[in-house]
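K.L.:
Here's the letter readout for the chains.
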Amino acid sequence: GAGVSQSPSNKVTEKGKDVELRCDPISGHTALYWYRQSLGQGLEFLIYFQGNSAPDKSGLPSDRFSAERTGGSVSTLTIQRTQQEDSAVYLCASSLGDRRWTEAFFGQGTRLTVV
Amino acid sequence: DQQVKQNSPSLSVQEGRISILNCDYTNSMFDYFLWYKKYPAEGPTFLISISSIKDKNEDGRFTVFLNKSAKHLSLHIVPSQPGDSAVYFCAASAQRGGSNYKLTFGKGTLLTVNP
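If you read the sequences in order, they're chains A and B.
Quick note on my numbering: the first sequence kicks off at 1 and runs consecutively.
Quick note on my numbering: the second sequence kicks off at 116 and runs consecutively.
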């Protein structure tokens, strides 16, 4: 596709369940970012992948959160044992490289609601 | 502890007038600043940026001003158009150091331009 694609667009899950959020970056983009936006808050950095380098996971809020990027393309953000405070819009972005991050393109986000 | 603050949750202006969106930061390590625009159900899109070596950057109707001593920046939109109605996020990063890709966002300001 032409842009960053995220799926699902919306996800409602029960507290305690695991969820997987998917991001398809723009083809050829080596850098991939995950952010989340909780209600009334700004975007919060979660994790950053750049090529084959070790990801920067410093923004992951707890060990219930993990992310991987297979083959340098598609990324999956997994939240285990979801809690109500995990409810947020999860945004993925990609760019050509870590020196081109101002040209990062965001997906439309996945709205996660934990009930 | 919010390092990037947008103290006005919303702003309403008349079409053709100037819109001024403000942003304050506390982290003196920040030396690169960006504005993003976000429409409902879409991801944020990059609008304009400024490095700390400058105090002004202009791109068409959009101008960003930086006052380093006050740790304050502002986005001016002249003339404002109804299509500018969106949420505007201020973001900052520290270019020095290895995590220049990590953006810290404000909570956003909802701009409404009335016809």
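These are computed hints drawn from the structure, not numbers from a lab.
Predicted, not measured: the structure shown is a model, and the values here were computed from it.
Beta carbons are placed, not taken as given, at the ideal position from N, Cα and C, and that holds for glycine.
Treat each hint with caution, since some may be false.
Short derived list, chain B residues pointing at chain A, Cβ under 10 Å [said to hold, decoys possible]:
| id | residue |
| --- | --- |
| 1 | PRO124 |
| 2 | LEU126 |
| 3 | SER127 |
| 4 | TYR151 |
| 5 | ALA156 |
| 6 | PHE161 |
| 7 | PHE204 |
| 8 | SER214 |
| 9 | PHE220 |
| 10 | GLY221 |
Once the Cα atoms are required to be at most 20 Å apart in a straight line, the calculated EDC-like pairs of lysine to aspartate or glutamate come out as [what the hints assert, rightly or not]:
| id | chain 1 | residue 1 | chain 2 | residue 2 |
| --- | --- | --- | --- | --- |
| 11 | B | LYS222 | B | ASP139 |
| 12 | B | LYS217 | A | GLU68 |
| 13 | A | LYS57 | A | GLU68 |
| 14 | A | LYS11 | A | ASP24 |
| 15 | B | LYS222 | A | ASP56 |
| 16 | B | LYS186 | B | ASP139 |
| 17 | B | LYS186 | B | ASP199 |
| 18 | B | LYS183 | B | ASP146 |
| 19 | B | LYS217 | A | GLU103 |
| 20 | B | LYS120 | A | GLU44 |
| 21 | B | LYS217 | A | GLU20 |
| 22 | B | LYS183 | B | ASP199 |
| 23 | B | LYS217 | B | GLU130 |
| 24 | B | LYS217 | B | ASP116 |
| 25 | A | LYS57 | A | ASP24 |
| 26 | A | LYS11 | B | ASP146 |
| 27 | B | LYS222 | B | GLU157 |
| 28 | B | LYS217 | A | GLU44 |
| 29 | A | LYS11 | A | GLU85 |
| 30 | B | LYS222 | A | ASP24 |
| 31 | B | LYS183 | B | GLU130 |
| 32 | A | LYS17 | A | GLU85 |
| 33 | B | LYS183 | B | GLU173 |
| 34 | B | LYS217 | B | GLU173 |
Partner residues aside, some chain A positions facing chain B, computed with beta carbon under 8 Å [unchecked claim]:
| id | residue |
| --- | --- |
| 35 | ALA31 |
| 36 | GLY40 |
| 37 | GLN41 |
| 38 | GLY42 |
| 39 | PHE45 |
| 40 | TYR48 |
K.L.:
Evaluate each hint against the coordinates.
P.N.:
Hint check results:
1. PRO124: Nearest chain A Cβ about 8 Å off; hint holds.
2. LEU126: violated (16 Å)
3. SER127: violated (19 Å)
4. TYR151: Result: holds, 8 Å to nearest chain A Cβ.
5. ALA156: holds (6 Å)
6. PHE161: holds (6 Å)
7. PHE204: holds (6 Å)
8. SER214: The hint holds - B:SER214 has a Cβ within 10 Å of chain A, the shortest such distance being about 7 Å.
9. PHE220: Interface hint status for B:PHE220: holds (4 Å vs cutoff 10 Å).
10. GLY221: holds (5 Å)
11. B:LYS222 with B:ASP139: Measuring from Cα to Cα gives roughly 11 Å; hence the hint holds.
12. B:LYS217 with A:GLU68: Holds: B:LYS217 and A:GLU68 sit about 18 Å apart, inside 20 Å.
13. A:LYS57 with A:GLU68: holds (10 Å)
14. A:LYS11 with A:ASP24: Status holds; Cα separation ~17 Å.
15. B:LYS222 with A:ASP56: violated (23 Å)
16. B:LYS186 with B:ASP139: Between B:LYS186 and B:ASP139 the Cα gap is close to 6 Å, so the pair holds against 20 Å.
17. B:LYS186 with B:ASP199: violated (26 Å)
18. B:LYS183 with B:ASP146: holds (9 Å)
19. B:LYS217 with A:GLU103: At roughly 13 Å apart (the allowed maximum being 20 Å), A:GLU103 and B:LYS217 satisfy the hint.
20. B:LYS120 with A:GLU44: Roughly 13 Å separates the two Cα atoms, so the pair holds.
21. B:LYS217 with A:GLU20: At roughly 23 Å apart (the allowed maximum being 20 Å), A:GLU20 and B:LYS217 break the hint.
22. B:LYS183 with B:ASP199: Measuring from Cα to Cα gives roughly 27 Å; hence the hint is violated.
23. B:LYS217 with B:GLU130: violated (35 Å)
24. B:LYS217 with B:ASP116: holds (17 Å)
25. A:LYS57 with A:ASP24: Judged against 20 Å, a Cα distance of about 19 Å means the pair holds.
26. A:LYS11 with B:ASP146: violated (37 Å)
27. B:LYS222 with B:GLU157: holds (16 Å)
28. B:LYS217 with A:GLU44: This hinted pair holds, its Cα atoms lying about 10 Å apart.
29. A:LYS11 with A:GLU85: Satisfied, since the Cα-Cα distance of roughly 14 Å is no more than 20 Å.
30. B:LYS222 with A:ASP24: With Cα atoms ~26 Å apart, B:LYS222 and A:ASP24 exceed 20 Å; violated.
31. B:LYS183 with B:GLU130: violated (30 Å)
32. A:LYS17 with A:GLU85: Roughly 13 Å between the alpha carbons, so the hint for A:LYS17 and A:GLU85 holds.
33. B:LYS183 with B:GLU173: holds (17 Å)
34. B:LYS217 with B:GLU173: violated (24 Å)
35. ALA31: Hint holds; A:ALA31 Cβ to chain B Cβ min 7 Å, cut 8 Å.
36. GLY40: holds (7 Å)
37. GLN41: Because about 6 Å separates A:GLN41 from the closest Cβ in chain B, which is inside the 8 Å limit, the hint holds.
38. GLY42: holds (4 Å)
39. PHE45: holds (5 Å)
40. TYR48: holds (6 Å)
Hints 2, 3, 15, 17, 21, 22, 23, 26, 30, 31 and 34 from the list above are not met by this structure, while the remaining hints are.
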